[in-house]
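Protein chains in written order, with this note's numbering: chain U, 297 to 602; chain R, 47 to 174; chain F, 303 to 711.
Because the hints were derived from the structure by calculation, they are not lab data.
Be a bit skeptical, because a hint or two may be false.
What the hints assert, rightly or not - Cβ pair distances, simulated, as ranges:
no., chain 1, residue 1, chain 2, residue 2, range
1, F, Val422, U, Pro333, 50 to 56 Å
2, U, Ala379, F, Val422, 36 to 42 Å
3, R, Met153, F, Leu306, 14 to 20 Å
As the list claims (entries may be wrong) - Taking beta-carbon pairs under 7 Å as the criterion, some of the chain F residues facing chain R (in silico):
no., residue
4, Arg413
5, Asn415
6, Val438
7, Asn441
8, Glu512
9, Ser516
10, Val553
11, Thr557
12, Val571
Think of the CB as a built atom: it goes at the ideal place given N, C-alpha and C, for glycine as much as any other residue.
One-letter residues, chain by chain:
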Amino acid sequence: MNRTRNGRHAVESSEPARRTGPHDAVLRLLDHQIVGPDGALLGNVDDLELVSDDAGWLVTGLMVGPAALSQRLPGPLGRWVYAVWRRLHPASDPTPVVLPLAHVTSIGSAIEVNLAAAQALSSTFGLELWLREHVISRLPGATGDTGDTEQQQVMSKHSPSTAETVAGALPLPVRAPLEGARGLSSLIGRAVLAPDGTLVGRVSEVRCVSHPPGHRLDALRARWVVYTRHLAGSELGYSMNRTQGPALVRRLVRMWQQHDRVVEIEHVIGIETTQGDLQLDQTAAPRHPHDLSEDQGAGQARHPPL
Amino acid sequence: MAPALDSGAFQRNAIHALDSAVSDTRTSALALQNYLAARVPRPYADTVVTESEDAIGPVEDSFGAVDPPSPSDKRLRDEVGALLSDAGDELAAARIALRRNDPAEMMQSVKTLRGLAERMEQRSEGLS
Amino acid sequence: MKKLFAIALGILTAIGGFVDIGDLVTNGLVGARFGLSLVWVVLLGIIGICVFAEMSGRVAAVSGRATFDLVRERLGPRVGLLNLFASMAVTLLTFIAEIGGVALALQLATRVNPYLWIPVVGAAVWIVLWRVKFAVLENAFGLAGLALVVFAVTLWKLDPDWADLWRQASRPFVPHDESHTTYFYYAVALFGAAMTPYEVFFFSSGGVEEGWTSDDLGTMRANVFIGFPLGGLLSVAIAAVAAVVYLPQGVEVDTLGQIGMPVGQALGVLGIALVLLGFFAATFGAACETGLSVGYSIAQYLGWQWGKFVAPLKAARFHSVVLLSAVVAVGVLLTTIDPIMLTEYSVVFSAVALPLTYFPILVVANDRTYMGRDVNGRLANTLGTVYLVVVLVAAVAAIPLMIVTKAGQ
């Protein structure tokens with residue numbers, strides 16, 4: 297029996313549109329397990345790489361590791377984790393690990409990546425490698441030679457500053473962040489102000505669509521920004537989905553999230569900076585995220601603004 | 047046990063100490079009795095009897111450490127203290143009898159422990 | 303035929319593996335002090351663990367995600383981290399108590415000082431977790447745990463007043479010499495002993511270890527709905543035996559030796575041998591489960607490779623955590639702390655930590671993109687929601703009750 301331990305769940309095969317359908321970055325991508333083709337567990341999506349192009353914002357890669365996670369932990373703890381990571385990293389000027397989206401083969405309960413990415417990612421796990429060498433392999437009965445070649449370890453130390461792509465081929469499976477990239481985490485939780493300056497919420501979700509539209513997932517274009525009065529519970533899955541059960545919890549969470557609103561990302565001013573408040577422009581037409589689901593991809597607001 | 051500030055609390059301490067001692071003595075008696083009837087093996091009985099003996103020490107100590115707030119409480123302290131001390135002695139004797147594997151001694155211990163437990167239980171009920 | 307055998311094995315393993323040191327100590331203590339007037343809590347806890355184990359097992363089988371993956375996904379890294387600290391602390395506390403329990407059982411068998419046993423047991427648990435295959439581990443200790451059936455046999459042999467026992471159980475009352483707060487404190491403790499958080503980590507991670515798929519849902523449900531309740535009945539038998547032998551004598555039960563003694567009284571030395579085997583299997587098995595669960599929770603939060611289903615060198619961080627936990631557990635126990643007291647605290651703190659893990663499971667079990675058609679039906683949701691409320695009530699009430707009753711004095 298061929299049993300793999302990645303997300304081999306029924307849903308995937310019945311929804312091939314999954315890959316081109318809208319992706320809620322926080323709910324469906326962030327904090328999910330990354331899995332290799334043979335079921336190997338390769339870390340969580342600790343952050344998402346966000347770059348700007350002429351048309352707006354693109355999610356171009358998964359960020360994995362303590363450097364990325366530290367950005368999402370509260371103040372002193374996050375700084376401490378970052379400092380420890382810098383100190384213990386073998387390279388003199390370490391950069392966070394980014395896995396380009398092109399190497400993602402499917403998005404389900406786990407994010408599956410291809411073999412090259414899996415191998416490259418494994419070689420970035422410093423703690424695992426150190427413990428393997430100094431502790432676990434010293435214990436009697438330690439089996440499972442991973443076949444990590446020196447070449448792969450050398451590759452992990454090579455940190456190019458730009459993604460090198462050859463026409464038609466995939467980029468390097470693991471690289472440093474692109475110039476001018478930042479983490480999606482720099483957007484989440486930031487205050488959103490109405491045109492008149494009143495606080496209307498904090499960013500809780502960014503809904504993306506495939507870019508370019510088609511089969512290969514090279515990047516995701518961020519289309520909508522969702523903000524909420526109460527950040528707690530925003531990752532549960534109720535904000536974007538009006539039918540998520542159970543009934544009692546749904547009703548309570550709906551009351552809690554009744555002031556959630558979604559706007560097209562073009563109407564949000566201030567994303568270029570990584571700190572400070574964001575503001576909606578005059579033409580923004582906020583509506584409740586549950587209304588968005590009905591006309592996802594349409595691009596035009598069909599419902600009157602709330 | 048917290049230091050008692052009034053008679054009521056002191057009496058509650060006494061009840062608590064007596065109940066613990068009743069529990070320890072009856073457990074020890076039960077273990078010995080079962081061992082004599084060859085219902086439990088020696089290591090098991092020994093562990094239980096020793097644990098009961100070890101348990102009464104702290105009970106005696108913490109009861110004795112509290113000052114009685116009134117003269118009648120002082121009489122109570124002496125009475126209960128004596129009972130607890132007897133219980134401690136008996137539990138030690140039980141352990142010794144078991145280690146010596148002396149059936150007659152053990153049977154005597156069972157009787158004494160049971161009698162002592164009765165008296166302490168009655169005293170405790172009298173106080174509540 | 304083979305499938306039937308697998309189901310039977312699973313059920314028997316579930317029965318024998320249900321009881322751990324928390325169930326042994328809490329049921330013995332409560333039976334001796336409150337009779338059977340708190341049995342309703344044990345039943346409540348059994349149904350609750352069935353509901354949530356089935357849900358977490360289903361999520362693991364269908365999506366391949368174990369509990370702590372879900373905690374981080376649905377609560378985010380910050381709340382997830384708090385959750386991780388709390389869950390790991392409780393699981394580690396339970397792990398320490400279980401190892402202590404093994405040492406106590408060995409003392410009863412050999413009269414050798416438990417402090418000499420503790421390092422041996424710690425090393426043995428770690429070696430088993432390092433070398434022994436997952437399925438062998440589960441099956442061996444689960445089946446050996448069936449020896450605890452002696453408590454049911456003992457109860458029958460003691461020929462108690464069944465009518466009186468039934469009256470105690472069916473009309474819950476607070477004994478005249480106990481306060482209401484103490485009664486409810488022990489209700490929370492019993493509930494925490496029946497619905498331990500680690501059970502859900504272990505069950506769902508174990509499902510991934512064993513490579514469950516949607517085809518295995520039937521077997522999984524048989525294990526849960528038949529195995530767990532029968533295992534829970536063993537807990538009730540332990541309480542009933544204590545109620546019959548110790549309650550009339552006013553004896554407070556706070557040692558493992560007291561809990562097992564009635565079995566000798568009824569069944570002699572053979573009974574003692576079986577009950578000691580049962581104690582050993584229950585505590586050693588649970589020590590393995592909690593030790594693994596400490597590793598599972600941190601590995602799943604951080605996305606590390608975990609599990610015994612991969613070769614040890616491929617999961618170095620996971621195995622390092624398990625090794626470290628064993629060392630810490632032995633260290634803590636060697637400070638001469640009383641394992642029984644640790645157990646009593648661990649069950650109450652388990653009750654406090656319950657909602658943290660059950661809530662994400664309930665939410666994810668309702669997520670169609672994960673579960674497809676195996677999403678929660680109405681029954682699962684009704685029970686799941688009811689238990690969410692119960693679990694929250696228990697969690698909120700636990701610490702205040704502990705303070706007011708000074709941990710059950």
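Now for the hints, and whether the structure bears them out:
no., hint, result
1, F:Val422 - U:Pro333: 50 to 56 Å, "violated (43 Å)"
2, U:Ala379 - F:Val422: 36 to 42 Å, "holds (40 Å)"
3, R:Met153 - F:Leu306: 14 to 20 Å, "violated (54 Å)"
4, Arg413, "holds (4 Å)"
5, Asn415, "violated (10 Å)"
6, Val438, "violated (29 Å)"
7, Asn441, "violated (28 Å)"
8, Glu512, "violated (37 Å)"
9, Ser516, "violated (48 Å)"
10, Val553, "holds (5 Å)"
11, Thr557, "holds (5 Å)"
12, Val571, "holds (6 Å)"
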